[in-house]
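Visitor: Each chain, written out:
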Amino acid sequence: MNIDAKLGLDVFKLDKEPHIVIEQEVCATVCTNRACLYVCPADLYELDDEQRMTVNWEGCLECGTCMICCEPRALTWNYPRSPFGVQYRMS
Amino acid sequence: MEKVECIVVGGGLAGLSAAYGLAGAGAEVMVLERGDYSGAKNVTGGRLYVSPIRGFYPELWEEAPFERPVARELITMMGDGAHTTFELASDRLAHPPQSYTVVRARLDQWLAEKVGEKGGMVVPGMKVDELLRKEGRIVGIRAGADEIGADVVVVAEGVLRLLAEPAGLAARPVDRDHALGYKEVIELPAGVIEDRWNLNPGEGAAQLFLGSVTQGMLGGGFLYTNKESISLGVVVGMQAMKADGREIKSHELLDRWKELPQIKPLVAGGTVAEYSAHAIPEGGIAKVPRLYGDGYVLAGDAAGLSLNALVTVRGMDFAIASGYYAAQAILRARQAGDFSAAGLASYEVALRDSFVLKDLETARIYPQFMELPRLFTHYPTAVSRLFEDVFTIGPGPTPSLMKKAWKGIRRDFLNLGTLQDAWLARKL
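For the record, the sequence lines run as chains A and B.
Here our numbering is used: the first residue of the first sequence is 1, the next is one more, and so on.
Here our numbering is used: the first residue of the second sequence is 92, the next is one more, and so on.
Be aware that a few hints might be false.
For lysine to aspartate or glutamate, the following DMTMM-like pairs were computed, each having C-alpha atoms within a straight-line distance of at most 25 Å [claimed, not checked]:
#, chain 1, residue 1, chain 2, residue 2
1, A, Lys13, A, Glu50
2, B, Lys355, A, Asp10
3, B, Lys340, A, Asp49
4, B, Lys318, B, Asp268
5, B, Lys355, A, Glu46
6, A, Lys13, B, Glu278
7, B, Lys340, A, Glu46
8, B, Lys340, A, Glu58
9, B, Lys378, A, Glu58
10, A, Lys13, B, Asp220
11, A, Lys13, B, Asp127
12, B, Lys340, A, Glu71
13, B, Lys495, A, Glu23
14, B, Lys94, B, Glu278
15, B, Lys318, A, Glu46
16, B, Lys225, B, Asp127
17, B, Lys349, A, Asp10
18, B, Lys94, B, Glu226
19, B, Lys495, B, Glu479
20, A, Lys13, A, Asp49
21, B, Lys349, A, Glu50
22, A, Lys13, B, Glu221
23, B, Lys498, A, Asp15
24, B, Lys355, A, Asp49
25, B, Lys94, B, Glu238
26, A, Lys13, A, Glu58
The hints are simulated quantities; they were obtained by calculation from the structure and are not laboratory data.
Values in this document were obtained by computation on a predicted structure and should not be read as measured data.
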């Protein structure tokens, strides 16, 4: 089962506003390890064609791992405003 | 500005436990929960140790919607193509149960209802955006455009401290002190679960896995049997993952693990129903911030109250206990009409006298011990290799049992590195 299928099992209420914003300048110039690309358990980070970091925040599990691991603090990270984001039915 | 006596930020176990105690004593309390319901944003492994908290709110635990009392404890050491499992089945684990498996959306919603029955107000769908400060004192909260004042704020916002940190109450979480935990909830019929883990009807098992599941990184796998599902997941230290995890995406650890021939039969026929993730505070006592101040107390994960002691993993019992003691301290402050730091100081005193900070103190060395490189690579493999040697009959003559065992012990457990580890382990 791939990660998209797993995320498809969860209940998400989608906001129009992103709750994670990447400071592109900091991300591109200060960060050396790009940990977000492999630490995110939902695999939401990827580089676009121009090597700019992007985040598919709609599938965010709100664990905060990317925020904690982002050394140059290139992420402005907040919980989605209510009533948005993941709503776990079990967990 | 509207004002209430007590605001609780976060309707998880710590916040609800505090609210239950406050409302039960007649205090005016409002719980603000950002999810659609309590538990909507919460993730556990999960198992709750009830023995430490049975004395708090004893009327609650008899009727709580737990999943299964844990009657079997299993620890699995994973080597290369071989697993060794130690299994404890004990009458005394389950009668009375010392721990239960839990599903948070069920447990937390039920506790929120109990708070309501006591007269507390639980407001779901209300994300707090800021703790309001005035002259160094926490005086209330802001949620969107609304400001609500309070005599005291119970900050039970969870591990990320998105409110406590900007307000200067606690440090920003850092990778070294935190782990990522994530899991799949896999549905299986109750009878299948009981057959697979050799359980009597209604009883549960907890199984922890050390070794190749995290590919040598700090962490491990876990499996808890719920009523009609299992929670199967991985915990991996953030610092270790950043340093050594580049070759594999974090979520693939679980996928690869599930495919191992030793794990596959455990989940066969199951249907994945949910996928969830959460950060876990693992800094231990050294990273617990100041627990109270003028107009506030910190409780649960926000206070860093959790303990990974390798074979026992705790947090929810600390959350409930810290909520209980927070309520007691606030009620004392309320009686004295003093919600300053001095008025709330009995909170930390009570936690220090209780199992919460005592157990964290006992485990002071654990975060350092967990960083030993051999712990998640060499030892689980070596244990499996040892037992494999002992059980193997090859072609030709077989050495005596003791000869085989000693050979393995000398090879893998008696060298400079392992003896150094043992020296540190004496403090565990």
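Visitor: With reference to the structure, classify each hint as holding or not holding.
Guide: Results for each hint:
| no. | hint | result |
| --- | --- | --- |
| 1 | A:Lys13 - A:Glu50 | violated, 30 Å |
| 2 | B:Lys355 - A:Asp10 | holds, 23 Å |
| 3 | B:Lys340 - A:Asp49 | holds, 20 Å |
| 4 | B:Lys318 - B:Asp268 | violated, 33 Å |
| 5 | B:Lys355 - A:Glu46 | violated, 30 Å |
| 6 | A:Lys13 - B:Glu278 | holds, 24 Å |
| 7 | B:Lys340 - A:Glu46 | holds, 12 Å |
| 8 | B:Lys340 - A:Glu58 | holds, 19 Å |
| 9 | B:Lys378 - A:Glu58 | violated, 32 Å |
| 10 | A:Lys13 - B:Asp220 | holds, 19 Å |
| 11 | A:Lys13 - B:Asp127 | holds, 10 Å |
| 12 | B:Lys340 - A:Glu71 | holds, 18 Å |
| 13 | B:Lys495 - A:Glu23 | violated, 59 Å |
| 14 | B:Lys94 - B:Glu278 | violated, 45 Å |
| 15 | B:Lys318 - A:Glu46 | violated, 38 Å |
| 16 | B:Lys225 - B:Asp127 | violated, 30 Å |
| 17 | B:Lys349 - A:Asp10 | holds, 20 Å |
| 18 | B:Lys94 - B:Glu226 | holds, 18 Å |
| 19 | B:Lys495 - B:Glu479 | holds, 10 Å |
| 20 | A:Lys13 - A:Asp49 | violated, 29 Å |
| 21 | B:Lys349 - A:Glu50 | violated, 36 Å |
| 22 | A:Lys13 - B:Glu221 | holds, 23 Å |
| 23 | B:Lys498 - A:Asp15 | violated, 62 Å |
| 24 | B:Lys355 - A:Asp49 | violated, 38 Å |
| 25 | B:Lys94 - B:Glu238 | holds, 9 Å |
| 26 | A:Lys13 - A:Glu58 | holds, 9 Å |
Violation of the numbered hints given earlier is confined to hints 1, 4, 5, 9, 13, 14, 15, 16, 20, 21, 23, 24; the remaining hints are satisfied by the structure.
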